[in-house]
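Chemist: Once you have looked at the hints, place chain B on chain A.
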Amino acid sequence: EAQVTQNPRYLITVTGKKLTVTCSQNMNHEYMSWYRQDPGLGLRQIYYSMNVEVTDKGDVPEGYKVSRKEKRNFPLILESPSPNQTSLYFCASRNGAGELFFGEGSRLTVL
Amino acid sequence: GQQLNQSPQSMFIQEGEDVSMNCTSSSIFNTWLWYKQEPGEGPVLLIALYKAGELTSNGRLTAQFGITRKDSFLNISASIPSDVGIYFCAGDGGVQGAQKLVFGQGTRLTINP
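If you're matching them up, the sequences are chains A and B in order.
In my numbering, each number is its position in the first sequence, counted from 1, plus 110.
In my numbering, each number is its position in the second sequence, counted from 1, plus 7.
Excised from the complex, chain A in its bound form (with noise of 0.2 Å):
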């Protein structure tokens, strides 16, 4: 099944205590992409990938980091988390056509 996985779905963490969320995908996108959802302000970009070792800032890129090894990967890492990261995350990829496919979200605490 083509799908987009994330993991965690559900974390809970402290302040500064470094993280990460993987997300792959199995239908050999080639453009991937990060998103937070917050109430009020919609869906959001963080970081995307046009390919392998290949990354660009989205719209809120601050306070995190991303890389891309693998066409398949593309993990989020939050290096020191702070309560304002407390949010809902979510990966995607994007074929040819432009159709952008979602992960299920991983919801993120921090303390």
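None of these hints come from the bench; they were simulated from the model.
Keep in mind it's a predicted model, so treat the numbers as computed, not measured.
Any given hint might turn out to be false.
Each pair of labels, with its calculated beta carbon distance range [unchecked claim]:
hint : chain 1 : residue 1 : chain 2 : residue 2 : range
1    : B       : P88       : A       : R154      : 24 to 32 Å
2    : B       : A59       : A       : E140      : 22 to 30 Å
3    : A       : K167      : B       : N65       : 28 to 36 Å
4    : A       : K167      : B       : A59       : 28 to 36 Å
5    : B       : E61       : A       : D166      : 25 to 33 Å
6    : A       : E163      : B       : G23       : 46 to 54 Å
Ideal placement from N, C-alpha and C gives every residue a C-beta, glycine not left out.
Modeler: Relative to chain A, chain B alone:
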């Protein structure tokens, strides 16, 4: 930057009613996408539109790409309880190529049985 205005923000309807929502932009888009998000899940693609004037249906859902390329609407006919969720429009402006989708704020649909 590019922005999308989606309306209405929320809708409370009776089962069986038709639903209409739309998105407008101050700039031109090359692609319009409509998504539905249910609680605890990621947005799921409903309909994709690629040409100005295009009208596309997916079951009880119909969406159109506006002639001016600055707007799109989504209609749901004869609503049923499983239509409940948040509906998002998204547009690809093409200014930076294919890497930038702009999302509307969403329309929250509630259905009274």
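Chemist: All the hints need checking, so say for each whether the structure fits it.
Modeler: Outcome of the hint check:
| no. | hint | in the structure |
| --- | --- | --- |
| 1 | B:P88 <-> A:R154: 24 to 32 Å | holds (30 Å) |
| 2 | B:A59 <-> A:E140: 22 to 30 Å | holds (27 Å) |
| 3 | A:K167 <-> B:N65: 28 to 36 Å | holds (34 Å) |
| 4 | A:K167 <-> B:A59: 28 to 36 Å | holds (31 Å) |
| 5 | B:E61 <-> A:D166: 25 to 33 Å | holds (30 Å) |
| 6 | A:E163 <-> B:G23: 46 to 54 Å | holds (53 Å) |
No hint from the list above goes unmet by this structure.
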